[in-house]
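Heads up: the sequence lines are chains A and B, in that order.
So in my numbering, spot 12 of the first sequence is number 12, and the numbers just go up one at a time.
So in my numbering, spot 161 of the second sequence is number 161, and the numbers just go up one at a time.
By construction, these hints were calculated from the structure, which means they are not laboratory data.
Here a beta-carbon is modelled for each residue, glycine too, at the ideal position from N, C-alpha and C.
Fair warning: there could be bad hints in the mix.
Among the chain A residues that face chain B by a calculated CB cut under 10 Å, a handful are [as the list claims (entries may be wrong)]:
| # | residue |
| --- | --- |
| 1 | A4 |
| 2 | N14 |
| 3 | L17 |
| 4 | A18 |
| 5 | T25 |
| 6 | K46 |
| 7 | L48 |
| 8 | K66 |
| 9 | D69 |
| 10 | L71 |
| 11 | A77 |
| 12 | S78 |
Mimicking DSS-like on lysine-lysine, the simulated pairs with C-alpha atoms at most 27 Å apart in a straight line are [said to hold, decoys possible]:
| # | chain 1 | residue 1 | chain 2 | residue 2 |
| --- | --- | --- | --- | --- |
| 13 | A | K33 | A | K46 |
| 14 | B | K27 | B | K39 |
| 15 | A | K46 | B | K152 |
| 16 | A | K66 | A | K33 |
| 17 | B | K81 | B | K133 |
| 18 | B | K36 | B | K3 |
| 19 | B | K194 | B | K152 |
| 20 | A | K15 | B | K152 |
| 21 | A | K15 | B | K20 |
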Amino acid sequence: MSPATFTLEVIVENKPLARDPEGETIHHNLILKGGYSQVTSVRAGKLLRMKVEARSSEEAEQLVRKLCDDLRIYNPASHICQVRVLS
Amino acid sequence: MVKVAVIQFPGSNCDLDALKILQKTIKVPTDLVWHKDLKRDQYDAYVLPGGFSYGDYLRAGAIAATSPSIQIIREATEEGKPILGICNGFQILVEAGILPGAVLRNSGLRFVCKWTRLRIESTKTPFTRGASKGQILRIPIAHNEGRYYLDKDQLDELERNEQIVLRYVDENDIPTVDSNPNGSLDNIAGICDKKRNVMGLMPHPERASLPILSPSNHPEGRVIFDSMAETLEPSLGGK
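Isolated chain A (complex conformation) (with noise of 0.2 Å):
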């Protein structure tokens, strides 16, 4: 199979014991201020959008994952992190 390119994306955030100030502020001061009442929590985290050359979109995936973890684009004192690959 001749390589493709890949989309992926990579979310890095807060573990749940972790507060994330930047996520309440939005909720409470403006998501709740707003109305909207229905949404109960809100995180915000940082989002890695990558293009990646690869087989299948499994062997795209691991690379990112490997990447991730060598590479400590996120710490895991503090930090989940999630590969997607969107196409």
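Starting from the structure of chain A, add chain B where the hints point.
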């Protein structure tokens, strides 16, 4: 002759302050060393200064933590050499995994620049041995990411091992929510590693080491550098 290195990263901006205090006030031979030029075994102690290395991109300290100089610092850690990380230097040590935990964005979501009162929680480090337990130091902070965090079980371990070296306290010398400038867990302002030779702190002792820059002309930050100098060379300490 002992020699200290202040490591300069792209974006360091408290490097010269630390250098001058060490050279002119503490009078310990000190070089300013570009991070790519650091060689093994040339120095007896290292200071990672404050600033905004690599623009704080990704996370404060995360990119500098991958500098080859950090590998040399890691080896020096094993050799028991004194290593001090101030502000961004603390963030770099945490990101390199040399010190535990993480330093997150301030709970107030703002850059905070103010004088703080710190209580010495441990004198068993090369940077606090000249102080007494419970002593109060007035030292300023200046940061956007200073909220020290780690998981509960690790925090208990830190406490058990007496690795918490400095706490933010109020006028009555008690760690309170109001005296905590950034939301740090347990008012933690500075910690050391298990071997106790590496210390990281968010406050800037180099900005409180000259009488003219300090409240009531008391340069209470210099005990950190005096202690380090005394560790390296007993004749240098306490001048």
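Hints, one by one, checked against the model:
no., hint, verdict
1, A4, "violated (27 Å)"
2, N14, "holds (7 Å)"
3, L17, "holds (7 Å)"
4, A18, "holds (5 Å)"
5, T25, "holds (6 Å)"
6, K46, "holds (8 Å)"
7, L48, "holds (9 Å)"
8, K66, "violated (16 Å)"
9, D69, "violated (13 Å)"
10, L71, "holds (7 Å)"
11, A77, "holds (4 Å)"
12, S78, "holds (4 Å)"
13, A:K33 x A:K46, "holds (24 Å)"
14, B:K27 x B:K39, "holds (23 Å)"
15, A:K46 x B:K152, "holds (24 Å)"
16, A:K66 x A:K33, "violated (41 Å)"
17, B:K81 x B:K133, "holds (23 Å)"
18, B:K36 x B:K3, "holds (18 Å)"
19, B:K194 x B:K152, "holds (17 Å)"
20, A:K15 x B:K152, "holds (12 Å)"
21, A:K15 x B:K20, "violated (40 Å)"
Hints 1, 8, 9, 16 and 21, counting from the list given before, are not met by this structure.
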